[in-house]
Amino acid sequence: MAKSNIAIELTDVDKHFGAVHANDKVSLSVKSGTIHGIVGENGAGKSTLMSILYGFYQSDSGQIKVFDKEFRATSSKQSIEAGIGMVHQHFMFVDNFTVLENVILGSEGGALISESLSKARVELTRLAKEYGLEVELDVAVEELSVGMQQRVEILKGLYKGAKVLILDEPTGVLTPQESDELFRIFEALKKQGVTIILITHKLREIMSITDYVSVMRAGKMVAHRQTSETNPEELAELMIGRKVLLNIVKTEAKSGNPLLIANNLEIYNEQGIKRVSEVSFEARSGEILGIAGVTGNGQGTLLKALAGILPLSKGSIEILGETISPKRHLNPQELRNLGVAHVPEDRQKMGMIADFSASETALLGYQNDKEINQGVWLKRSSVKANCESIMEAFDVRPTNPDLKSSNFSGGNQQKLILAREFERDPEVLIIGQPTRGVDIGAIEFIRKRIIDMRDAGKAIILISVELEEIMSISDRIIVMCDGEITGTVDVSDADEATLGMMMANALPSDKKITEAQL
Amino acid sequence: MTRDRRLAWINGLLLPLFNVLTAFLATAIVFILINVNPIEATKILIYGAFGYEEGIGYTLYYTTNFIFTGLAVAVAFHAGLFNIGGEGQAYIGGLGTALVALYIDPTLSAWLIIPLGIFGGLLFGAMWAIIPAYLQAYRGSHIVITTIMFNFLASALMVYLLVHVLREMGQMSPQSKDFPDSAWIPFVHEVFAGMGIKIAQSPLNLSIFIALIFSALVWFFLWHTRWGFAIRATGKSNDAAVYSGINPKKIIIVTMCISGALAGLVGINELMGVQHRLLLDFNYGYGFGGIAVALMGRNHPIGIIIAALLFGILYQGGMDLAFEMQNVSRHIIVVMQGLVILFCGGLEYLYRPLLIRFLAPIET
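First to last, the sequence lines map onto chains A and B.
The first sequence begins at 1062 in my numbering and counts up one residue at a time.
The second sequence begins at 2 in my numbering and counts up one residue at a time.
It should be emphasised that the hints constitute simulated quantities derived from the structure, not laboratory data.
Take the hints with a grain of salt, since some may be wrong.
Not the full set, but computed from the structure, chain A residues with beta-carbon under 8 Å of chain B [what the hints assert, rightly or not]: (1) L1399; (2) D1416; (3) Q1428; (4) K1431.
Keeping only pairs whose Cα atoms sit at most 25 Å apart, straight-line, the calculated DSS-like set for lysine-lysine is [said to hold, decoys possible]: (5) A/K1440 - B/K251; (6) B/K250 - A/K1388; (7) B/K178 - A/K1465; (8) A/K1251 - A/K1130; (9) A/K1465 - A/K1410; (10) B/K44 - A/K1410.
For glycine and all other residues, C-beta sits at the position ideal for the given N, C-alpha and C.
With the rest of the complex left out, here is chain A (with noise of 0.2 Å):
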């Protein structure tokens, strides 16, 4: 089909949101056959890029060839028809549908659906015996491992025939041992002709699997590398734009007594499904205790609970001289002024209001505090005047309070949530994915921050999905898997893959005993 062996050519590509350059003239051209990976922190513009080229949105300017032919997709069908297959972050299931249903998904022919399902049959044992890439058909979605679920999405972008197979981070919710195992695949749909775009921050990634590289920097191309004439420092300082240190220097914890006791917890999230059992641990003062974990194995749900959020449904949690039950439970204004710290998983959905000004966001779970109110009256300039101390503490840029708070950058939502949490000084600090989704800069300051807390002699727990940053920052490390725990390791004693086994219970039963117990 194509004479030249050029898969996708992508000239002066522009995209704007609102007062947001996504893509700045980008251009791009992936070699046939071959993995291409796109760096760049997130806010890059990597995702806008790909969904430009899956139909999602349309470029304002720009010129795109896919396989020598002009190009402009305004839905996913065009793209589909021109070749391309697109693997999301978040997959896009019909839970309850067989594979072999989910498949089909969207070219079910004809009216009769037995007739499509069983070709779709044929072509898929076919599709999979070719690629390596063996699922069972007839099983509920929603039953399989995550990475089964990636292979059936994989699977579905190669039975609409496509060419070229884009990755948007597609490790985030595997084990390394998951991952290892997708990288396989990749080879061998390298080998039968496939290009695959790959999309990721995780350098790791690009210099072990791809062939070419792009780095794209708020919004631009910055750089386009074959990989085997690069190396990590070269591609980071690439993407940031400037040399930076991420092994943070820390000393010594000097740890003492425990400020919280979870035992034996049993906690249901908020759709009513059990997410945590028997977990016990302990957070002592001076510590920074991490929790490791493939996302959506509990931490969160166990986050929420020590928060107050969610109650617990057996065993207790000593916190500070209270004890919290599940026949006592604490909302979290109650724990708040305990002097227990949260900051959420989820900054754009919890943490903050967009639509509220940034003093109005620094007020939240503060807002009954008496230094603010005067009898009924809630005194603006006090809420004003505070945000504007505790934005200079923590370096929020712009300094203006009045700035509505989705109109700041990522890492300084996340510095204002910080500093709001930090700045009342609590005594335990509850922290998940402090770095998530902000820049290296800020991901810098935000770790000293919260070593400095820990040197202050706070209890930390941290949870974060970046075993990198549990691993540079932690003193002890748990790991959850499935809702329990599946190991607890010293910061000195830990090493990726005994984490990875441990985050996939895949460590041998004797060696978990030993390490489980606290």
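Given chain A, put chain B in place with the hints provided.
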């Protein structure tokens, strides 16, 4: 002016203005279709609303009702609740006011009876809203559905009460006996007469000042108290509210009580102010009109006062229009109101992209 400020002006002022103008344009087309000269009609309408003292009085009297119901819808809206039940809450609130006026010792001072009447309206309006609120908060029944149903319930209940319980002995029509004089809120023309100034008689009474006072209270409550903050936070993000220790279920109950109470004040203007007895359908149309008023007024008390005034003009001017022009029925008011709701509510953001492109383009 920064872009943010310009956007705020577009959202707050220009959009409602353009929407209303479009609604008028559409009304003009309707007039042309029924062989009425729209310019002529506008002249009559404006004259009807503002041209003579009595007309002004009527306009402001209608405005008073719309301020109450507009505030009611707006308060609920800030908590993310769509209170369609203003109609019923106004009706039952009126019952509360009437019960105070009918059964209190009439020899008491008006300074006591009128505040008690206001309290009765607030209380009964709130009680009528609390049941849908409870069902929404703890049973998951959608507030839009339940408040609509409660409008019908209110209507049926009032017919029953007025026919069987509260009807004046020997009276054929379903209405209560007259309130005692001490439960009458003074007419504005009486007050002026007391000061030696003679103005034309109209139903306009001092309730309009009660409406303005409550507008100020609502503004203070929503933006300058911690409870107002909690309501607005819940309306914008349930998750963030829960995170900060606010109980959204309680917020639903409290907000709907306040909303129902405000709607319940329609009876102050209508019953204590004008009719001086309880009768059927005194609330007719104001509850629903309040939705349009709140939408047009951007759920802000100042906007609501302006929008309520516009609706007052339409009501009064429209009546005169129907009176003056043979081929215009009095239902033209409903048509105009409908068009305003369509363009201010349903097509709220019609002009937004255009206005942004011309007045606040993206800075590159």
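Now the hints, each set against the structure:
1. L1399: Violated: closest Cβ of chain B sits about 12 Å from A/L1399, beyond 8 Å.
2. D1416: At about 5 Å, which falls below the 8 Å cut-off, the nearest Cβ of chain B leaves the hint on A/D1416 intact, so it holds.
3. Q1428: holds, 4 Å
4. K1431: violated, 11 Å
5. A/K1440 - B/K251: holds, 24 Å
6. B/K250 - A/K1388: Holds. B/K250 to A/K1388 sits at ~20 Å (cutoff 25 Å).
7. B/K178 - A/K1465: Not OK: B/K178 and A/K1465 at ~55 Å, beyond 25 Å, violated.
8. A/K1251 - A/K1130: holds, 22 Å
9. A/K1465 - A/K1410: OK: A/K1465 and A/K1410 at ~15 Å, within 25 Å.
10. B/K44 - A/K1410: Given pair B/K44, A/K1410 is violated - Cα atoms ~51 Å apart, limit 25 Å.
When each numbered hint is compared with the structure, violations occur for hints 1, 4, 7, 10.
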